[in-house]
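Asks: Residue-level listing of the chains:
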Amino acid sequence: MTVDSGIQWRVGDALEPITLPPVTRLELIQYAGASGDFNPIHTIDAEAEKAGLPGVIAHGMLTMAKISRLFSPYLKYGWVRDFYTRFVGKVFVDDVIMIGASVAEKEEKGAETVYWFEVIAQNRKEEHVAVGELTFLV
Amino acid sequence: MNWDHWVGSRSPGEWNGVEKGAVRNFAEAIGDPQPLYLCEEGAKHLRYGRWMAPPTFPITFRYGSIPGLQLPKSGLIHGSQRFQYERPLWIGEEIFCYLTLKDVFEKEGKSGRLTFLTFERIGEDQKGDRVFTAESTLIVTEAVRRELSA
Numbered sequence: 001m002t003v004d005s006g007i008q009w010r011v012g013d014a015l016e017p018i019t020l021p022p023v024t025r026l027e028l029i030q031y032a033g034a035s036g037d038f039n040p041i042h043t044i045d046a047e048a049e050k051a052g053l054p055g056v057i058a059h060g061m062l063t064m065a066k067i068s069r070l071f072s073p074y075l076k077y078g079w080v081r082d083f084y085t086r087f088v089g090k091v092f093v094d095d096v097i098m099i100g101a102s103v104a105e106k107e108e109k110g111a112e113t114v115y116w117f118e119v120i121a122q123n124r125k126e127e128h129v130a131v132g133e134l135t136f137l138v
Numbered sequence: 001m002n003w004d005h006w007v008g009s010r011s012p013g014e015w016n017g018v019e020k021g022a023v024r025n026f027a028e029a030i031g032d033p034q035p036l037y038l039c040e041e042g043a044k045h046l047r048y049g050r051w052m053a054p055p056t057f058p059i060t061f062r063y064g065s066i067p068g069l070q071l072p073k074s075g076l077i078h079g080s081q082r083f084q085y086e087r088p089l090w091i092g093e094e095i096f097c098y099l100t101l102k103d104v105f106e107k108e109g110k111s112g113r114l115t116f117l118t119f120e121r122i123g124e125d126q127k128g129d130r131v132f133t134a135e136s137t138l139i140v141t142e143a144v145r146r147e148l149s150a
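In the order they appear, the protein sequences are chains W and D.
The first sequence begins at 1 in the UniProt record's numbering and counts up by one.
The second sequence begins at 1 in the UniProt record's numbering and counts up by one.
When the alpha-carbon atoms are kept at most 30 Å apart in a straight line, the in silico DSS-like pairs for lysine-lysine are as follows: (1) W:Lys90 to D:Lys102; (2) W:Lys90 to W:Lys125; (3) D:Lys73 to W:Lys50; (4) D:Lys20 to W:Lys76; (5) D:Lys107 to W:Lys50; (6) D:Lys107 to W:Lys125; (7) D:Lys73 to W:Lys90; (8) D:Lys127 to W:Lys76; (9) D:Lys107 to W:Lys90; (10) D:Lys110 to W:Lys90; (11) D:Lys127 to W:Lys109; (12) W:Lys50 to D:Lys110; (13) W:Lys125 to D:Lys110.
For the record, the hints were derived by calculation from the structure and aren't laboratory data.
Could you put the whole structure together from the sequences, leaning on the hints where they help?
Replies: And the structure:
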């Protein structure tokens with residue numbers, strides 16, 4: 001049997017960023033259903049316009065959930081203990097969002113290692129739409 | 001509407017199941033078709049040998065509402081969100097969920113006075129041990145607040 005040596009990140013290391021396919025209206029409808037957040041500014045243009053928006057905007061929580069995808073390949077080694085994001089920009093239909101994470105700090109605590117990541121989501125104009133931190137425990 | 005009165009109040013709370021089908025739908029909706037969430041075999045290769053829910057999954061739970069507290073039906077802005085876990089959230093478990101209004105404060109913004117409401121959502125397991133704390137900050141603009149008082 002082979003032993004999986006797990007992961008070793010160093011401070012400054014970045015996870016491979018992911019450029020997501022353009023946001024679609026169907027995706028927002030699907031997320032509304034899966035999350036139970038049926039606020040119509042995410043699905044119905046007329047409602048978004050009433051709220052002073054040019055069209056529907058993505059749920060901040062959907063962007064946050066997409067950031068967490070960066071860590072899914074590593075869930076066999078550890079888990080996400082803390083995750084914080086600020087929603088600093090709006091995401092519209094057809095926006096292309098890039099998500100990224102890099103190791104800001106690392107601490108060994110007995111058998112466990114705690115990694116503090118800085119995480120971001122930005123659009124094609126390189127405007128941040130969400131920024132935050134995530135702690136991954138291995 | 002003056003929310004200060006409700007700071008410290010909590011909802012009665014509700015039990016929520018971490019259902020496999022709901023997790024699968026959620027994973028698909030966020031574009032995360034991880035075998036960890038989706039296939040029985042995947043779990044064997046995990047550190048804990050069990051499936052865990054995606055970190056933002058607790059947003060799908062019902063937490064009940066704080067008696068008497070009213071929020072605008074539209075116009076609330078989600079400013080920030082935090083999830084803190086004491087341990088992973090396992091698929092198949094039952095979680096007791098409730099929420100409290102933790103803080104209310106105001107700040108002067110570009111388009112008038114903004115009200116910030118901080119809600120804390122808490123999940124406990126069947127032993128009564130805390131599994132997660134999720135903190136949401138919602139922003140109410142002056143225009144929306146005025147509409148609510150009208």
